[in-house]
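Build the complex from these two chains, which are given one at a time in their own frames, with help from the hints.
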Amino acid sequence: MKCQFCERTCDLTNGRSFCGMYMEENGRVLERFPDQWCTYNPSRIESVPFYHAYPGSRSLIIGTAGCNFRCRYCSNGFIACRDPADLQEVMYTIPADRLVAMAKKMGCHNIVFNVNEPAVSLPSLERVSHYARKEDIPMGCLTNGYTTESATRMMMEIFSFVHIGLKGFSNAFYREFVGIPDMTPILRNIRMFAQTCHVEIASPVIEDVNDHELFDIAQFIHDIRPDIPWHVFRLLPEHDMKESLYPNIDRMDQALETSRKLLPYIYFHNFVGSRWVNTQCPNCGHTVIKRFSLGCSGDRLDEFLAPDNTCPECGTPIPILGTRVAWNEKQSVSWEAIS
Amino acid sequence: MSLAVIDAREWQNRFDLETGQPRKSDAPVAEMAARVLSRHPYPGDVDEQANQWVTDTALDLISHYDPDLVCLSYVQQFFSDRHFNHSETERERLFAAAMAEADRFVELSGFTPVIVGTGNMIPLAGDMDLSGLDGLAVSSNWSARYCGIHHPSPRDMEFLNSLDTLERIVPRQEWIDLFQAAQPDLEILQDPRLMPDFLAVAREGQAFKTMGTTLRKPVHIPANNFQVPVVSPFGPVTDLREIKPLIRAHLSTHKIALILVEGVGESFFPESRYMVQNGVDWFCYEPGDAFYLTLSTGRHQPFAYPAGFRSFDKDADAIKFPFSGYMDAVPGHTLGLNFPGKSIAVGNRSMFMHMAFGVDISIECFARNLFNQGCMAVVHRDDK
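Residue numbers (UniProt numbering), protein chains in the order written: chain F, 1 to 339; chain L, 1 to 384.
Only chain L is shown next, with the shape it has when bound in the complex (with noise of 0.2 Å):
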C-alpha cells in the first residue's frame, strides 16, 4: 500500500495512496521523506525558484536514500512560457536556465543522465471555439493539438470540414489502428464510451476553445514536435520507446538520472543530440501524461488521459487514487517498477510522476492551474 505525504507548508499528513484516508506510518523511509518535503517548500510553477527546488530537492532525497535511478522533470519554463509573453531574449534566457539547472543536477550528483526534451514552444496563432456544436468537444487544460467530438451531428461535421485551421479530423478506430499497426499489444484503457467518436487535430500554432480548456489563455503552445531531443551517452536511439530498455540495460554499471526538459527544443541541446520520434505519422505527443507514460514505460500510450477524453462521465462516486490527477490505477511497465535497485523521482510537472516512473518515492509539486497547494512525496516501497 502506497503512501502520500502532502505537506501544505508547516502542516504535513499522510495518506492512503489508493483511498485517500487518512493513514499513520512511521516507516524509516517516510520519515526521510516528509523530513525532505518540510525542507524544501515548493515556490510555486512559474517562479523561477521552482526549477532550483526540483535539483535541491532531488539532491537532498539522494544524500538520504542513495538511489540508483532518479527521474527528474523540469517545467517551470514550459508553464512561463504557455502563460506569459516574455520578449525572445527573456524566453531563451528562461529555457537555457531550465537545461543549466539539468547540469547542475548532474555535476552535483555525479549520475549519468539521459536528458529527453518534449520540444519546442511555439506563439499561438489561433484558436478554434467549438462551443457552438450540436455534439460535445472536450479539449483540456494542457493540450492544444487534440480535441476530442462526441456525437458530432452532420452540422458539425460540416463546420469542422469548413475550418482550415484544423489539420484533420480522425474516427476513433483509425486513430486506434494507427497505434495497433506499430504496437499489437497497445493498452486501452479507459472505458471506450469515455473516448471521443473522432479526434480533431489542429494545424500548428492553433489551439482549441472548448469545454475542458483553460481560462488562463496560452501565449505559447508546443510546436508539432514530431521528433524531440535527447542527449544519452549509452547510443543512438531512434524512437521514444527505446528509452526505457537503454536505461535499464545500463542500471548495473551506472547510476542513471533520466531528466525531463519540458518546452526545450534541440537548439538547447548540446551537438551529441539525437532526435528520436515521438509519436506515429500523424500523431506526436504533446507534454504531459502520455509523453511522460509512453517514455517511461516504453510502450504507446496515445489514449493516457488524451484531449477529449469525456472524464467528467466516470463515476466520481468512486474514484480511486485522488491525489493522482487523471490515473485511476498504477501503470505497469514503468521504467521504476520491478527495478530491484532503489529508485527515486522528483518533479514540478504536479501530480503524476509518482504514476508516470513508478519509483520508490517520488517528491513531487502539487499545484493546479498554477495554484500551488504546496507538495507531495510517494512512498511506493519502504523495504529497499
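Excised from the complex, chain F in its bound form (with noise of 0.2 Å):
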C-alpha cells in the first residue's frame, strides 16, 4: 500500500514512510505519533515570515517531527532530519481540542505551523483545524510544496495561509541538494495553493549554488500572480553544509535588481537589520509598512501605514489577508472557560 500524503508515495507494506510518520495498518494509512507537537509557543506572525497576512498578529507556533526533504543545509535537521521515534520523548502529547484551547488561552490569534513539513503530520493538522474553524482560529504553514493532489486539496482546506518554499528552479537542486528527483509537482501545488489560500514563496539563496535561479523563480511567479510575496532568505547552511560559506549580502541584493522589476513585493532577509524587509507601495513608492528584522524567527511589525490595506498616498490595494492585527488586541480568555 502507498502513502498518498506526499509526492515519494511511499510503500507502506513493509515498513514505514520515508518520513517515519506515517505505516499501515488494516488497509489504512495511519500516523505513527498523533497528537504528538515539539513545540507550542506564541510569536509574532512576521517572525515565521509571514509578511502579507494578519500583520502584527499572535501566531502560536507548532510543529511535529520529520520531513519528506533531506535539505543538506537544512536548520532545523535536528527535529526534521531525525527519525521520528527517537524524538518522541522530548514531543508533547496535545490533543487537537486542548492545542486549540491553549491557542485561546495565549491570546493567539491563528496558529501556524512551522518548524518541519506538514504533510507528515496531516490527519492531526485536520483536526486541529476542526476545533480552530469553531473558535474561528485561521490556521497557516510553511511547506516545501512536495505533497499529492489530494494531500494538497486537503491542505488547502486546513490552512487558509500557506507559506511554500521554492528552493531552487532546476531538478538538479533539488535532486542534489534536497532529495527528490523532480520538482515539478511543487508548482503545479503553488498554482493550486494560489487559487483559493493566501500565497507567500520563500527561497533560501546559497550563493554559487541556487543564486543563478532566482530570477528563473521570479519569473515563475510572476506569471502566476504578481503580487504574490516573495521572500528571498540568505541561507546560513546547517546540518550537512555548515562549513558552507555565508553568501555575501551586497552581492544577493544585486542579484535581485532584475527580480524587483518582474515582482513588487521581494523581501531580503534571514539577517539581522535586513533593509529589505519594508513594503513599498508598488505605485507610488510609499513605505506602507516598516518592519524589523533580526534574522531567523526574529521579524516583527514595527509600523503599519496602510488603513484598510491601501496605501494611504495613492490609495492603491496592498494585498494582504485580514486586517492589521494589534498584539494584545484580543484579550487571552479566562482559564476556567476553557478548562
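Just so you know, the hints here were simulated from the structure itself, not pulled from any lab data. Please note that a few of the clues may not be correct.
[Stated by the list, open to error] For lysine-lysine, the following DSSO-like pairs were computed, each having C-alpha atoms within a straight-line distance of at most 27 Å:
| # | chain 1 | residue 1 | chain 2 | residue 2 |
| --- | --- | --- | --- | --- |
| 1 | F | LYS330 | L | LYS314 |
| 2 | F | LYS290 | L | LYS217 |
| 3 | F | LYS242 | L | LYS217 |
Okay, structure coming up:
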C-alpha cells in the first residue's frame, strides 16, 4: 500500500514512510505519532515569516517531527532530519481540542505550523483545524510543497494562508541538495494553493549554488500572480553544509535587481537588520509597512501605514490577508472558561 | 544614545540601540569597534573557536581602546555540554580549555583577573511535561530549575503536588518576600501581571517541558549551584553581590578583568578559589540574565527574565531595545555604569552583555538558539 500524502508515495506494505510518520494498518495509512507536537509557543506572525497575512498578529507556533525532504542545509535538521521515533521523549502529547484551547488561552490570533513539513502530520492537523474553525482561528503553515494533489487539496481545506518553499528552479538542484528527483509537483501545488489560499513564497539562497536560479523563480511567480510576496532568505547553512560560506549580502541584493522589475513584493532577509523587509506601494513607492528583522524567527512589525490595506498616498490596494492586528488586541480568555 | 553595530559577515549596519532604527555614526570609537568586528567573524556557539574568539576580540579591542575594566564571558563549553553528549574525558577537556582560554587572556593582556564560574553541569535525569495543565506553565530555553505556573486550577495544584521530581511550589509573594528580606530595596521591574502565580522548582537534575522550553533537549543542565567558585587577588568574598564593590574599590590601582566562565565548577578553579553564595535559601541563580545582573549590579535580580515570566503578554507593538533580548530598559547600578575610566565587554553569551555590564563598548555574538547571525558591537559612550 502506498502513502498518498507526499509525492514520494512511499510503499508502506513492509515498513514506514520516508518521513517516518506514516504506517499501514488494516489497509489504511495511519499516523505513527498522532497529536505529538515538538513545540507550542506564541510568536509574531512576521517571524514565520508571513508579511502579508494578519500583520502584527500573535501566532501559536507548532511543529511535529520528520520531513519528506533531506535538505543538506536544513536549519531544523535536529527535528526534521532525525527519526521521529527517537524524538518522542521530547514531544508533547496535546489533543487537537486542547491545542486550540491553548491558542485561545495565550491570546493567539491564529495557529501556524512552521518547524518541519506539515504533510507528515496531516491527519493531526486536520483535527486541529476542525476545532480551530469552531473558534474562528485561522491556520497557516510553512510547507515545501511536495505533496500529492489530494494532500494539497486537504491542506487547502486546513490552511487559509500558506508559505511555500521554492528552494531552486532546477531538478538538478532539488536532486543534489534536497533529495527529490523532480520539482514539477511543487510548481503544480503552488498554482493550486494560489487559487484558494493566501500564498507567500520563500527561496533560501546559497551563493554559487542556487543564486543563478533566482530570476527563473521570480518569472514563475510573476506568471502566477505578480503580487505574491517572495521572501529571499540569506541561508546560513546548517546540518551537512555547516562549513559553507555565508552568502554575501550585497552580491545577493544585486542579483535580485532584475527580479524586482517583475515582482513588487520582494523581501530579502534572514539576517539581522535587513533593510529589505519593508513594503513599498508598487504604484507610488510610499512605504506602507515597516518591519524589523532580527534574522531567523525574529522579524516583527514596526509600523503599519496602510489603513484598510491601501496606500495612504495614492489609494493603491496592498494585498494583505485580514487586517492589522494589535499584539494584545484580543485578551486571553479566562482559564476557567476553557479548562 | 547608544549605538549598535551589527556585523553579519562582510556586511555591517548601524542602528540606534533603543529604537532599532538605522543610524549614521562616524564617531572614531564606533569606527574602531566596527573594524574590530569585521576582523573577528563569530564562529558559532558550539564551535571550539568561539572561546578563542572572545580572547582575540578582547585583545584587539584593548589594543585600540586601552580600557581599565574588561568584562568577559566564555560560554562555548556551556552550550556544547548542554546539547551534545560528550564523553567524560571530552567534557573535562572542554571545561579545562575554557579556563585555559581565560588564562591566555590574562597572560596576554596583563589585566588582574577576577574569575567567576557559574558552577557545575550535571546529566539531565528527567523532565516534567506540564503541557497538560489547565493553567499555563512557562519555563525558558535556558532554565531547568524554575517554571512559572499561571492560573493553576485545583486539579493542576493536585497534580503538581503529586510530582516527586518537584522540589517545591512557591507562591509569588513568598518568592518576593524571600528576597526582600535579604535586600529590602529589591527591584521588581516587571509588570506583576506577567509574573507567575507560583514558581515551580525542580529537584536537582530535573527540568521542565513547557511552553518556551527548547526543541533541543538538553543533555546536561546546571546543578543546584548554591555556591560558585571565584578567584580574586583582592581578598575573600562570601556573596556574589560583593564582587562588584570589590572590583570598583581596586580599579583606581589595577586594570581588572571580570571573567565569567559558564558551566564551570570549583574543580577547574585553582586552590586559591573562594566559594561564594549564589542566591538565597532555596533559590540559586542559574547561568543567564539574572546571574549576570546580580554579579554586575551587586544586587539581587531574581526577577530578571526568570523562568515563568509571561513575556508573550508584553506589549510587543511598543518594544524597546530590540537587539537586547528580553531587556527593555538599561539596568541601573551596573559595574560599568558611571565608571569614569574606560570599560569594555566581550562575550559569547549572546545579546545581553551590553546591558548587563553597562560598559562603554561591548562586543558579543548575535546568536539565538545556536543559530549564528553574526556579532554586534554596542557603543554606550564614545567620549572618553
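Now the hints, each set against the structure:
no. : hint                : in the structure
1   : LYS330/F x LYS314/L : 13 Å, holds
2   : LYS290/F x LYS217/L : 36 Å, violated
3   : LYS242/F x LYS217/L : 20 Å, holds
Hint violations for this structure: number 2 only, all remaining hints satisfied.
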